[in-house]
Amino acid sequence: MPTIRQARVGEMIKRDLSEILQKEMRDERVALVTINSVDIARDFSIAKVFISCMGDDRDKALALKALQGASGFLRGQLGAMLELRVVPVLSFRYDTGVDKGVRMFELLKEEDRFFKDNPQVDEPAPGEPETPSVASSPIREASE
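Numbering-wise (this note's numbering), the sequence shown opens with residue 189 and increments by one.
In short, the hints are calculated from the structure, not lab data.
Using N, Cα and C, we set each Cβ at its ideal position, and we do this for glycine too.
Any given hint could be a false lead.
As the list claims (entries may be wrong) - Label pairs and their computed distance ranges (CB to CB):
| # | residue 1 | residue 2 | range |
| --- | --- | --- | --- |
| 1 | Phe232 | Gly285 | 21 to 27 angstroms |
| 2 | Asp305 | Ala219 | 38 to 44 angstroms |
| 3 | Met242 | Glu207 | 16 to 22 angstroms |
| 4 | Asp305 | Ser225 | 35 to 41 angstroms |
| 5 | Thr191 | Val290 | 40 to 46 angstroms |
| 6 | Met242 | Ser279 | 57 to 63 angstroms |
| 7 | Thr284 | Glu207 | 22 to 28 angstroms |
| 8 | Asp287 | Ser259 | 29 to 35 angstroms |
What the hints assert, rightly or not - Think about it this way: if two alpha-carbon atoms lie no more than 25 angstroms apart in a straight line, the pair counts; the simulated DSS-like pairs of lysine-lysine are:
| # | residue 1 | residue 2 |
| --- | --- | --- |
| 9 | Lys248 | Lys304 |
| 10 | Lys211 | Lys236 |
| 11 | Lys236 | Lys202 |
| 12 | Lys211 | Lys248 |
| 13 | Lys236 | Lys288 |
| 14 | Lys202 | Lys304 |
| 15 | Lys253 | Lys236 |
| 16 | Lys288 | Lys253 |
| 17 | Lys202 | Lys253 |
| 18 | Lys253 | Lys211 |
| 19 | Lys248 | Lys202 |
| 20 | Lys248 | Lys236 |
Start from the sequences, fold in the hints, and give me the full structure.
Right, dumping it as structure tokens:
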């Protein structure tokens, strides 16, 4: 669990790094990069920067390579913006949570289409007691 100071410094780095990427980086490989979060080491020496970006795996790899190559420049720019004694070394990582969330959303949409196309799946078999189904649950009804 990060300390309050670690969380605050992480948010400052996230905000300022996003601004630098948007306004000062001319590299097309980082044009569609979003900084999702920044985790700061307890001694403030390293900042793990979690990113996501649009595109396929090749685009993601190119974006990470570009950011790692520009980490010295980015750290220098952060040093000019932040009032820290020492600016942490930046370590960029791809945030797989976004991809997992997108995949989960796609699976839920696929399930919804399946139940709309196959309404008989929700009906109990002859002689079986009627039980509430996932398709008719209050959660599903609330989301529609």
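Now for the hints, and whether the structure bears them out:
Take Phe232 and Gly285: their Cβ atoms lie about 24 angstroms apart, and the range 21 to 27 angstroms holds. Against the hinted window of 38 to 44 angstroms, the Cβ-Cβ separation of Asp305 and Ala219 comes to about 39 angstroms, which satisfies the hint. At about 19 angstroms, the beta-carbon gap between Met242 and Glu207 stays in the expected band of 16 to 22 angstroms. The hinted range of 35 to 41 angstroms is satisfied by Asp305 and Ser225, whose Cβ atoms lie roughly 39 angstroms apart.
Between Thr191 and Val290 the C-beta distance comes to about 32 angstroms, which lies outside the given range of 40 to 46 angstroms. For Met242 paired with Ser279, a C-beta distance near 22 angstroms fails the hint of 57 to 63 angstroms. Between Thr284 and Glu207 the beta carbon distance is about 25 angstroms. The supplied range of 22 to 28 angstroms therefore holds. Asp287 and Ser259 have their C-beta atoms about 23 angstroms apart, which leaves the hinted 29 to 35 angstroms range violated.
For a cut-off of 25 angstroms, the pair hint linking Lys248 to Lys304 is broken: about 35 angstroms separates their Cα positions. With a CA separation close to 21 angstroms, the supplied pair Lys211 and Lys236 stays within the 25 angstroms bound. Of the pairs offered as hints, the one joining Lys236 and Lys202 holds, with about 10 angstroms between alpha carbons and a cut-off of 25 angstroms not exceeded. Note on Lys211 and Lys248: the hinted pairing holds, with a Cα-Cα distance of about 20 angstroms set against a maximum of 25 angstroms.
For the proposed pair Lys236 and Lys288, the alpha carbon gap of about 20 angstroms is at most 25 angstroms, so the pair holds. Proximity of Lys202 to Lys304 is assessed by CA-CA distance (about 42 angstroms); at most 25 angstroms being required, the pair is judged violated. A C-alpha spacing of about 15 angstroms is found between Lys253 and Lys236, which places the hinted pair at or below 25 angstroms, so the restraint holds. About 22 angstroms separates the Cα atoms of Lys288 and Lys253, which keeps this hinted pair within 25 angstroms; it holds.
This hinted pair checks out: Lys202 and Lys253 have alpha carbons roughly 19 angstroms apart, not beyond 25 angstroms. The hinted pair formed by Lys253 and Lys211 meets the criterion: a straight-line CA distance of about 19 angstroms does not exceed 25 angstroms. For the suggested pair Lys248 and Lys202, the alpha carbons sit about 19 angstroms apart, so the restraint of at most 25 angstroms is met. Only pairs whose Cα atoms come within 25 angstroms are accepted, and Lys248 paired with Lys236 is accepted, the gap being roughly 17 angstroms.
The structure shown violates the earlier hints numbered 5, 6, 8, 9 and 14.
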